[in-house]
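Asks: Here is what each chain is made of, one letter per residue.
Number of protein chains: 2
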Amino acid sequence: MTRTVAIIGCGLIGRAWAIVFARAGLNVRIWDADPAVIAAAPAALHAACKEVGQDPLVLSHVTVAADMATALDGAEWVQESGPERLNIKRQIYADLDRLAAPETILASSSSAIVASQFGADLPGRGRILVAHPVNPPHVIPVVELCPSPDTALVVMDRAEALMRDVGQVPVRLAREIDGFVLNRLQAVLLAEALSLVAQGIVTPQGLDDTIAHGLGRRWALLGPLATINLNAPGGIADYLDRYGPTMARLSNGAARGEAFSGLIGQDLAAVMPAPDQVPALSQHRDARLAALSHFLTSDQQGTI
Amino acid sequence: MTRTVAIIGCGLIGRAWAIVFARAGLNVRIWDADPAVIAAAPAALHAACKEVGQDPLVLSHVTVAADMATALDGAEWVQESGPERLNIKRQIYADLDRLAAPETILASSSSAIVASQFGADLPGRGRILVAHPVNPPHVIPVVELCPSPDTALVVMDRAEALMRDVGQVPVRLAREIDGFVLNRLQAVLLAEALSLVAQGIVTPQGLDDTIAHGLGRRWALLGPLATINLNAPGGIADYLDRYGPTMARLSNGAARGEAFSGLIGQDLAAVMPAPDQVPALSQHRDARLAALSHFLTSDQQGTI
Numbered sequence: 001m002t003r004t005v006a007i008i009g010c011g012l013i014g015r016a017w018a019i020v021f022a023r024a025g026l027n028v029r030i031w032d033a034d035p036a037v038i039a040a041a042p043a044a045l046h047a048a049c050k051e052v053g054q055d056p057l058v059l060s061h062v063t064v065a066a067d068m069a070t071a072l073d074g075a076e077w078v079q080e081s082g083p084e085r086l087n088i089k090r091q092i093y094a095d096l097d098r099l100a101a102p103e104t105i106l107a108s109s110s111s112a113i114v115a116s117q118f119g120a121d122l123p124g125r126g127r128i129l130v131a132h133p134v135n136p137p138h139v140i141p142v143v144e145l146c147p148s149p150d151t152a153l154v155v156m157d158r159a160e161a162l163m164r165d166v167g168q169v170p171v172r173l174a175r176e177i178d179g180f181v182l183n184r185l186q187a188v189l190l191a192e193a194l195s196l197v198a199q200g201i202v203t204p205q206g207l208d209d210t211i212a213h214g215l216g217r218r219w220a221l222l223g224p225l226a227t228i229n230l231n232a233p234g235g236i237a238d239y240l241d242r243y244g245p246t247m248a249r250l251s252n253g254a255a256r257g258e259a260f261s262g263l264i265g266q267d268l269a270a271v272m273p274a275p276d277q278v279p280a281l282s283q284h285r286d287a288r289l290a291a292l293s294h295f296l297t298s299d300q301q302g303t304i
Numbered sequence: 001m002t003r004t005v006a007i008i009g010c011g012l013i014g015r016a017w018a019i020v021f022a023r024a025g026l027n028v029r030i031w032d033a034d035p036a037v038i039a040a041a042p043a044a045l046h047a048a049c050k051e052v053g054q055d056p057l058v059l060s061h062v063t064v065a066a067d068m069a070t071a072l073d074g075a076e077w078v079q080e081s082g083p084e085r086l087n088i089k090r091q092i093y094a095d096l097d098r099l100a101a102p103e104t105i106l107a108s109s110s111s112a113i114v115a116s117q118f119g120a121d122l123p124g125r126g127r128i129l130v131a132h133p134v135n136p137p138h139v140i141p142v143v144e145l146c147p148s149p150d151t152a153l154v155v156m157d158r159a160e161a162l163m164r165d166v167g168q169v170p171v172r173l174a175r176e177i178d179g180f181v182l183n184r185l186q187a188v189l190l191a192e193a194l195s196l197v198a199q200g201i202v203t204p205q206g207l208d209d210t211i212a213h214g215l216g217r218r219w220a221l222l223g224p225l226a227t228i229n230l231n232a233p234g235g236i237a238d239y240l241d242r243y244g245p246t247m248a249r250l251s252n253g254a255a256r257g258e259a260f261s262g263l264i265g266q267d268l269a270a271v272m273p274a275p276d277q278v279p280a281l282s283q284h285r286d287a288r289l290a291a292l293s294h295f296l297t298s299d300q301q302g303t304i
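These protein sequence lines map, in sequence, to chains Z and B. Read in order, the letters of the first sequence correspond to residues 1 to 304 in my numbering. Read in order, the letters of the second sequence correspond to residues 1 to 304 in my numbering.
Hints listed in this document are in silico derivations from the structure and should not be mistaken for laboratory results. Note that beta-carbon positions come from the ideal geometry of N, C-alpha and C, so glycine has one too. Treat the hints with care, since some could be wrong.
What the hints assert, rightly or not - Some chain Z residues near chain B, calculated using beta-carbon distances under 7 Å:
no., residue
1, CYS49
2, LEU57
3, LEU59
4, LEU86
5, ILE88
6, GLN91
7, ALA112
8, ILE177
9, GLU192
10, ALA193
11, HIS213
12, MET247
13, VAL271
What the hints assert, rightly or not - Output of the computed footprint for chain Z on chain B, the stretches with three or more beta carbons under 8 Å from beta carbons of chain Z:
no., region
14, 167–173
15, 270–282
As the list claims (entries may be wrong) - Covered stretches of chain B, as calculated for chain Z (at least 3 residues, CB under 8 Å):
no., region
16, 55–64
17, 216–222
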C-alpha cells in the first residue's frame, strides 16, 4: 500500500515538502486554511518543479484535500508548514491532534518555535516534533528533528526513518534547544560577519567571498568538524591542541547580539541586490542548489 | 616579459602556491631553508598536480633556486610560506627585506601572525603584508590580503591585482585584525559546534550534516550575507528586522572560548576518522574541492 502524508499549509515551504514526498512516490494530500493559497498551489507546484529540473509528472501523487480532516485521513505523517506565529500554531495543533488518527505523527516546519510551545498541553504531545527544513527542502536535504520533552523516542525513530526513506538527511537532536542547531551556528557566524562589515574591516562582498570562495567550500563537502579533522597531521585532537588557544581568543573577542542592532541592515541594503530582485535571485539560487545537490551526490559516490 | 614570483618555503602551502602561479603562466622560483624539503619538492609538485587533475606540464614554469637571493632576483612578489613561528618569520623577513629589490612585495601565507609582528621594525615594512590562503590555494581560490599599519596602499593595490591576474579571489581587509576574517568566522562557528556536541545535543556527524547538507550549500554559492538577503521578501534589512532579535538572542546564549578547552578533542577523535587516515582523506578532499571549484565556475557563468 502506498504511504500517505499530509501537508498542512501550502506556502513556499509546504509546496517544497510536497515535491519531496511526491518524488519519493508517496501519496501527498495538501491543504491550506486560505482558499486562495490552495487554489494557486497546483500551478505553483508545477512552476517549482520546472525551476529545478524536476519532472512535474511526480505531481500526480499530489491531491488537494477539501478540508483538514480529509487531508489527514490515512496519513502517517503531517508536515505542518503554517505561519510562524505561536497563536496560530497552537490552534493548528489543537485541530490536528483532535482530527488525526493516534498513530499519525505531527511534525512542524517551524524554524524558531520549539514543539513544547505549541504541543505541551495536548493529549497527543508524544507524537509532536519539529522537522525543520532548510528552505527549500526539495533542493537542500537536511532536516533537523527536534523533540519536545514529551516527544516519544519511537516517534523520533519513525521520523528519522521516514526522512531517510524520502531521500532527506535527518539530523536528530537529543533534546529541545532554542534555534535548534542550524540557526545557532548561523547566528554566531552572522553576528561576527555583521560586526566585521560594520567596523569597515571588510566589504559585504569581501565577507561573502571569504566564505563562498573559501571556507564554505570545505564546509559544503565535509562539515566544520570533519574539516578541522583534516587540518592538522594528528587529526582533530591535534588541531585543537595547536589552534584551540587561538580559536578561543578569537571567539572571546567576537561580536554577539549587539551586532544585529543599529543601522547595519539599511547600510547593507544600500549595497546589496534590491528587494525587487529577490524573487528572481531566489529562483536562480534554487536552480543552482539543485545542480549543486546533483553534483555533490554524484561526486560523493567516489568517497573513500 | 614573463612575470616572476618567488616561493620561500616549500611545504604543502608553498607547493600549492607554486601551482597557482605556474598555471597562470608566471615564472616561479622556489626555495626552502631545508635542503631535504627542496629536494623532495619536484616530485611532490608533480603528485599534487596529478591529484587534482592539473596537467603537470605547467611545472615547466617552476625552477628550484640555489639560495634565497637567487630566488628573489627579478621577482615582483614573494609568497613566504615558512613555519608558523614568530621568531622564524622575523628572521626570514629580515633576510627577505635585505635581499629583495625595493619594488618586490613580500607577502606571508601566515594564518595567525599579523604582519606588524614580523615586519614593523624593517626598513621595507611598507611592502610587507599577509596574503593568507585557504589550504590548499590551488583548489580554493580565496586569499585574504591583510595589511599592517605600515603597509602602503599601492602595495595592497598591486597585491589585489596580482591575485586576480592569477585567478584567485582576493579579499582585501581595511586594516590589521587578529585572525583576519576567515578564522574569526570559523572560530565562532566552531565554538558553538563544539559546545553543542559536548552537551550531547547532536552527534559530530549530525553537526557536520547540518552544514554539509544544509546551510553550507547556500554559503558555498552565495556567502552568508547574500544568503540572508534572499531569506526575507524585503531583502537583508527585512531579514534583520524579522529575525535579528532571534539571532541576537541565539548569539548571546552561544558558547565562546571555553568550548575549546577540556577533553572535547579526545572525545571527537574517538569517533572521527583516525590520524592515520588524514593523508588519504586530505588527498580525496583536494580532488573533490578541485571538482567543486570546476562545478562552481562553470555554473557561475549562468548567474543572472
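Asks: State for each hint whether it applies.
Replies: Status of each hint after checking the structure:
1. With a least beta-carbon distance of about 19 Å to chain B, the hint placing CYS49/Z at the interface is violated under the 7 Å criterion.
2. Because the closest C-beta pair between LEU57/Z and chain B is about 25 Å apart, greater than 7 Å, the hint is violated.
3. For the restraint placing LEU59/Z at the interface with chain B, the shortest Cβ-Cβ distance is roughly 25 Å, beyond the 7 Å limit, so the hint is violated.
4. Checking LEU86/Z against chain B by beta carbon gives a least distance of about 13 Å; that is not within 7 Å, so the hint is violated.
5. The restraint placing ILE88/Z at the interface with chain B is violated, with a minimum CB-CB distance near 16 Å, outside the 7 Å limit.
6. A hinted interface residue such as GLN91/Z counts as satisfied when its beta carbon comes closer than 7 Å to some beta carbon of chain B; here the least separation is about 22 Å, so the hint is violated.
7. With a cut of 7 Å, the hint placing ALA112/Z at the interface with chain B holds, because the nearest CB-to-CB distance is about 5 Å.
8. Residue-level restraint check for ILE177/Z holds (minimum Cβ-Cβ distance to chain B is 6 Å; threshold 7 Å).
9. Contact between GLU192/Z and chain B, as hinted, is supported at the beta carbon level, the nearest pair being about 5 Å apart and thus within 7 Å.
10. Evaluation of the ALA193/Z hint against chain B yields a held restraint, the C-beta minimum of about 5 Å falling below 7 Å.
11. With a cut of 7 Å, the hint placing HIS213/Z at the interface with chain B holds, because the nearest CB-to-CB distance is about 4 Å.
12. For MET247/Z, the interface hint holds, since its Cβ comes within 7 Å of a Cβ in chain B; the closest pair sits about 4 Å apart.
13. Hint on VAL271/Z is violated. Least Cβ distance to chain B is approximately 10 Å, over the 7 Å limit.
14. Here's how the region 167–173 of chain B fares: 4 of its residues keep a CB closer than 8 Å to some CB of chain Z, so the rule of at least three is met and the hint holds.
15. Proximity of the region 270–282 of chain B to chain Z, defined as three or more residues with a beta carbon under 8 Å from a beta carbon of that chain, is established by the 8 residues found.
16. For the region 55–64 of chain B, the proposed coverage by chain Z is not satisfied: 0 residues have a C-beta within less than 8 Å of a C-beta in that chain, short of the threshold of three.
17. Under the rule that three or more residues need a Cβ within less than 8 Å of chain Z, the assignment of the region 216–222 of chain B holds, with 7 such residues.
In this structure, the earlier hints numbered 1, 2, 3, 4, 5, 6, 13, 16 are contradicted, and the remaining ones agree with it.
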